[in-house]
Amino acid sequence: MPDRRRFLLTSTALAGGLLCARLAAAQQNPQRAALLREVTGGAPVNAGRVTVDTPPLADNGHSVAVRVMVDSPMTAQDHVRRITLLAERNPRPVVASFTLGPHSGKAEIATRIRLADIQDVLALAQLSDGSWWMGGAHVVVTELACLEG
Amino acid sequence: MLSRVQVPANARRGEIVQVRIAIQHPMETGYRPDNFGRRIPKNVINTLICRYNGSEVFRAEMGSGIAANPLLQFPVRVQESGEFVFEWRDDSGERGESRAVITVSAD
Numbered sequence: 001m002p003d004r005r006r007f008l009l010t011s012t013a014l015a016g017g018l019l020c021a022r023l024a025a026a027q028q029n030p031q032r033a034a035l036l037r038e039v040t041g042g043a044p045v046n047a048g049r050v051t052v053d054t055p056p057l058a059d060n061g062h063s064v065a066v067r068v069m070v071d072s073p074m075t076a077q078d079h080v081r082r083i084t085l086l087a088e089r090n091p092r093p094v095v096a097s098f099t100l101g102p103h104s105g106k107a108e109i110a111t112r113i114r115l116a117d118i119q120d121v122l123a124l125a126q127l128s129d130g131s132w133w134m135g136g137a138h139v140v141v142t143e144l145a146c147l148e149g
Numbered sequence: 150m151l152s153r154v155q156v157p158a159n160a161r162r163g164e165i166v167q168v169r170i171a172i173q174h175p176m177e178t179g180y181r182p183d184n185f186g187r188r189i190p191k192n193v194i195n196t197l198i199c200r201y202n203g204s205e206v207f208r209a210e211m212g213s214g215i216a217a218n219p220l221l222q223f224p225v226r227v228q229e230s231g232e233f234v235f236e237w238r239d240d241s242g243e244r245g246e247s248r249a250v251i252t253v254s255a256d
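Line by line, the protein sequences are chains D and U.
Numbering-wise (my numbering), the first sequence opens with residue 1 and increments by one.
Numbering-wise (my numbering), the second sequence opens with residue 150 and increments by one.
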């Protein structure tokens, strides 16, 4: 395997691992725990299966492209029911909720969000069996939203 | 409200197509003052529903964290020709609607 590819693979795996560890640690953060409880109604949240794709550095917090992908076969028995996007350092941390189903074919949504601060953008996915899964991405914003006036 | 729906014109049966909608809307957060320093009240598109041949295939409940001129993209597996119908409503009660037709071939 070429060196560059091996480097990319190991570095993404490492970054993913680090992020998972960070997310797990952050679940002990009481503010985040309260926010997660508000969304899931107190159900446990597992780390993994959810990928949040954002630019690591966003010039403009007024419009940051976000894509969420969930690892799911999207069959009638096993599919993603709902994806909720969170930006916990925004004045209103629950950004949006999307309802999907087996007719979606794959579990993926894309939109553009506002970010009021440098933060982790989190995505929570509820599967058809009721379980919750979470992923996130850290976004550095140079010009923040919600600061005018 | 101006909007644009993008779906491919043609697809094969069972294919997953990407459906995209962009709506012209300020998505007022409620935190922004006008030129006289008065707060502009929050007014965002709070609910959007997409139906394909009458059955719901996607729903978005949105807050002020969605950027102005919201853009949404999602996949749908299409089995037969038909029409995507989008309906949405903002906090002021204003409604919008947009449609797009797709032709699905058998093989």
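The set of hints was computed from the structure by calculation and includes no laboratory data.
Think of the CB as a built atom: it goes at the ideal place given N, C-alpha and C, for glycine as much as any other residue.
There could be a bad hint or two in this list.
[Unchecked claim] Not everything, but these chain U residues come out facing chain D in the computed CB check (under 10 Å):
id : residue
1  : Gln167
2  : Gly203
3  : Gly214
4  : Pro219
5  : Gly231
6  : Val234
Right, here's what the structure says about each hint:
Taken as an interface hint, Gln167 (chain U) checks out: its beta carbon lies about 9 Å from the nearest beta carbon of chain D, inside 10 Å. The interface hint given for Gly203 (chain U) is broken, as the beta carbon of that residue sits about 12 Å from the closest beta carbon of chain D, more than 10 Å. For Gly214 (chain U), the interface hint holds, since its Cβ comes within 10 Å of a Cβ in chain D; the closest pair sits about 3 Å apart. The beta carbon of Pro219 (chain U) comes within 7 Å of a beta carbon in chain D, closer than 10 Å, and the hint placing it at the interface holds.
A hinted interface residue such as Gly231 (chain U) counts as satisfied when its beta carbon comes closer than 10 Å to some beta carbon of chain D; here the least separation is about 12 Å, so the hint is violated. The interface hint given for Val234 (chain U) is broken, as the beta carbon of that residue sits about 15 Å from the closest beta carbon of chain D, more than 10 Å.
Checked against the numbered hints above, the structure breaks hints 2, 5, 6 and satisfies the rest.
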